[in-house]
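S.K.: The lines below spell out each chain.
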Amino acid sequence: MTKTRTLHKYGILFGAILALAAFSFGADLRIEVTVRSANVRLNPALDSPVVGNAAMGLVLNAEKKTGEWYLVELPPDANGVAVRGYLHESVVREIPAEGKAPKAGMEPKPASARPAVKAAKPATGKKAPARVASARKKLYIRLGAGYATKSFDYDNSWSFPMYGESGSASEKYAVDASGVAFDVGVGFMITPALGVELSFTPASGKSKGTFEATFPHPFYFDLPREKSWTNNGLKYSASEISLDLVYAIPVTRRIGAYFCAGGTYFMGVKIESLKSVDWAEIGYPYFDLNVTPQYASYSASAFGFNAGGGLDYRLSGGMAVNLNARYSSGSAKLKIEGNKVTVPAGGLRATAGIKFAF
Amino acid sequence: MKGTIKVKMALGTLALMAFTFSAGSGQDGRTAGREGDARGGPGRSVQATRGDRAEALSRYMDREISKGNLRLALTQSEDNGTRVHERYNVFAKGLQVWGAQLLRHRLNGEVYLINGELHSAIDVDVTPTVTQSQAEQMARTGLADPSFRLAGTVELMIFPAADGYHFTYRIAYAKFGSRIVTFVDAKTGGILFRFEELQTSSAIGIGTGYLGDTKKMSTSFEDNTYYAVDLMRPAQITTGDSRHGNTVYYVTDDDNNWTSDGTVVDGHAYLGWTYDYFYMVHSRKGMDDKNRELVLAVHVGTNFENAYFDSSNKWMFFGDGNPAENYPYTTALDIVAHEFTHGVTDATSGLIYASESGALNEAFSDIMAVSCEFFQQPEGSGYRMAEWWQGEDIEKRFGPGRSLENPSMVHVWGSTYPDHYSRRWILPVDSGHDWGGVHLNSTIPSHWYYLLAHGGMNRTSHMTVDGIGLSKAEKIAYRAWVYYLHPSSNFKGARTASLQAAADIYGSGSTEAGATARAWSAVGVN
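Chains as they are written, first to last, in this note's numbering: chain A, 3 to 360; chain B, 390 to 915.
Hints are all accurate, no fakes.
Reference excerpt, derived from the structure (chain B facing chain A, CB under 8 Å, subset only):
no.: 1; residue: K605
no.: 2; residue: R622
no.: 3; residue: M669
Hints were generated in silico from the structure; no laboratory data involved.
C-beta atoms are modelled at their ideal positions from N, C-alpha and C, and glycine is treated no differently.
Generate the whole structure from the sequences, applying the supplied hints.
M.R.: Structure, rendered in structure tokens:
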């Protein structure tokens with residue numbers, strides 16, 4: 003990861019310098035493509051990979067000429083990417099600037115004489131150093147809906163004094179926060195490959211509680227009344243705000259992939275849990291009693307992390323269809339009636355939606 | 390803490406007095422307290438907030454205060470006097486109007502609310518026609534329990550009844566667990582209103598028994614004190630202290646931690662355990678099967694080496710024994726259960742306490758006592774453990790008072806307890822001879838029970854019996870004793886009764902009936 007990042011750092015630098023250079027050079031070398039589709043190569047060599055194509059009649063400003071090759075920058079494409087590379091002199095002709103005559107040896111040759119070289123797709127992993135173009139869209143908004151899976155268990159237990167002994171309560175919860183998930187994000191691409199994204203994902207679900215409690219007998223030691231019950235309607239909710247670094251990789255012209263990772267703030271992990279158990283004796287011989295459990299919501303916030311990625315299928319007008327998948331994880335430390343209970347937060351979610359680039 | 394204690398209000402109630410009580414009866418009907426408008430009186434409920442109305446009322450109040458018709462009863466101050474609540478009792482003709490109060494509330498000195506009851510134009514003739522003693526007699530009527538005594542002072546009051554104001558005597562009668570207030574019309578002598586003034590709640594405390602063990606105490610809390618009165622069982626159980634004299638006193642504790650008198654703790658807890666045994670195993674509701682109140686007294690006499698059931702008042706008495714040899718008699722669960730069982734006999738078969746019927750009386754007390762022990766205590770030999778002995782827990786030198794398993798191991802009067810009819814004591818029926826040897830010969834039937842439940846060989850007849858188990862044997866024994874024995878039953882009659890009982894439950898040809906017969910034969914009763 004670091005190597006290509008460094009490459010890109012240099013790429014940015016190089017691009018900046020070239021931009022300055024192009025600017026200072028002005029429009030000294032104007033060339034026009036004279037073949038139907040001219041190959042723009044990475045390096046000034048015939049065996050160098052093709053990084054782009056220039057159509058017949060395209061007029062370009064060559065920054066310089068190295069041997070038989072002109073260094074050019076193609077105009078930015080639909081995604082704002084401006085490819086830079088080398089055109090062979092045989093596929094172009096120089097256009098004299100005002101009053102200037104074409105240089106010798108620059109005359110265009112008939113197209114049929116040139117070997118037709120098929121424009122090849124740029125090899126993955128080797129990209130033309132991208133330059134920050136003023137027309138490139140950096141800001142985007144991502145909206146998605148999909149499915150999240152999250153389920154976990156937690157438990158709690160405590161004791162209370164009663165009739166000169168201790169009663170006990172034990173709680174087991176199975177939380178299921180799987181279901182429809184929404185995801186909203188706002189991102190800024192600092193470079194075409196690197197950006198930051200702030201996203202928000204709410205989550206909620208149901209909790210099934212299984213409870214057991216023992217109540218000492220009023221007359222005898224070690225003869226507790228045991229009660230057990232369930233509550234399947236308890237609630238769970240957790241919302242996440244994530245701040246991620248995004249690393250974008252173009253796959254094809256239309257499809258881009260990205261990875262993201264960063265920190266997540268779980269704001270208000272909230273669970274409904276047992277608060278207390280009210281009891282009342284029914285009567286002699288006290289082998290049974292009435293029990294009324296009371297529930298309450300408890301919440302805490304937590305920091306965690308997340309990692310994920312996705313695919314963008316670029317449509318026109320700065321819109322793309324987006325598929326996003328993410329795994330987030332954290333643990334919230336709740337205080338439930340004096341007991342410390344750790345509850346996990348986050349989960350795995352996949353959404354599909356739209357990305358708008360500005 | 391987590392659990393909130395909500396205990397049902399007691400069936401009985403308490404009062405703070407020490408006196409001998411006679412046979413308890415049931416509860417008198419409890420009438421409603423002051424909730425809602427129990428009296429349905431003629432006073433008008435008022436509520437006036439700021440404004441002219443409140444001001445007018447406040448001025449009215451000041452006038453009535455100066456006339457003595459409103460007297461400040463209590464001032465409640467909040468926030469360093471920012472808010473003050475004044476409560477005034479209502480008077481007319483120098484007498485207080487019962488239950489009436491007018492309240493004035495101030496915020497920073499200014500009246501913001503007046504509420505309460507407005508009584509005006511109280512035109513009542515306050516010369517009594519009925520004398521106080523006549524009124525006292527009237528107030529006593531309807532309180533069936535003879536232990537009710539006059540409590541506090543008699544007051545003349547104005548009672549606001551539905552049909553107007555009445556000039557009345559307010560009289561309170563109290564006994565342990567109750568304080569009934571009655572309003573008697575001072576003109577007509579009729580009872581206008583009556584209610585229960587005492588509030589009690591049950592509490593579970595912890596006590597230390599005489600042998601140092603910890604037991605739960607079912608007690609009552611009232612007037613800031615805990616009493617050794619169990620209100621949580623259907624039959625109220627009271628443990629009292631004779632203090633070696635003729636009066637039985639209530640036993641109290643400040644914090645429901647009963648550590649000062651283990652004899653009280655043992656007696657109170659063990660009587661409850663005995664009640665539980667009879668309820669759970671035999672479905673019996675206490676001594677008389679009607680949940681009659683139970684009373685036991687400890688520290689009876691001085692070094693008194695005995696315990697007894699008094700059939701006149703149905704109370705149980707326990708001595709402290711000879712300190713050189715004994716622990717106090719409530720230290721043994723089977724002794725407490727033994728005395729209680731006398732109460733059951735008294736309410737059922739009525740076995741006469743002489744000769745063979747008396748021996749049966751004694752035997753069934755031992756039989757039920759030991760069965761209770763096996764129900765409540767772990768099996769084994771030692772203090773607070775269940776074994777086929779009677780009264781071993783009060784012996785400082787551990788050993789049986791009587792043995793159901795091997796009666797002749799215990800020596801008495803130059804001989805031993807008999808395990809066979811042929812070895813019975815033949816004695817005149819008088820106090821010097823144990824009324825014909827009622828204790829001495831009791832081991833013949835109680836040994837029968839041992840053989841029937843546990844099985845074994847009789848050392849005199851050498852007959853062996855296959856035991857049918859305690860839970861079957863106790864059902865047969867209980868049934869025979871409660872339904873078929875009568876005051877003059879003898880051992881033969883007991884054999885017949887138990888065979889009938891076994892046939893009732895298991896069938897006349899059953900193994901259980903057979904074992905019952907064989908066990909009687911083994912002890913020489915045919």
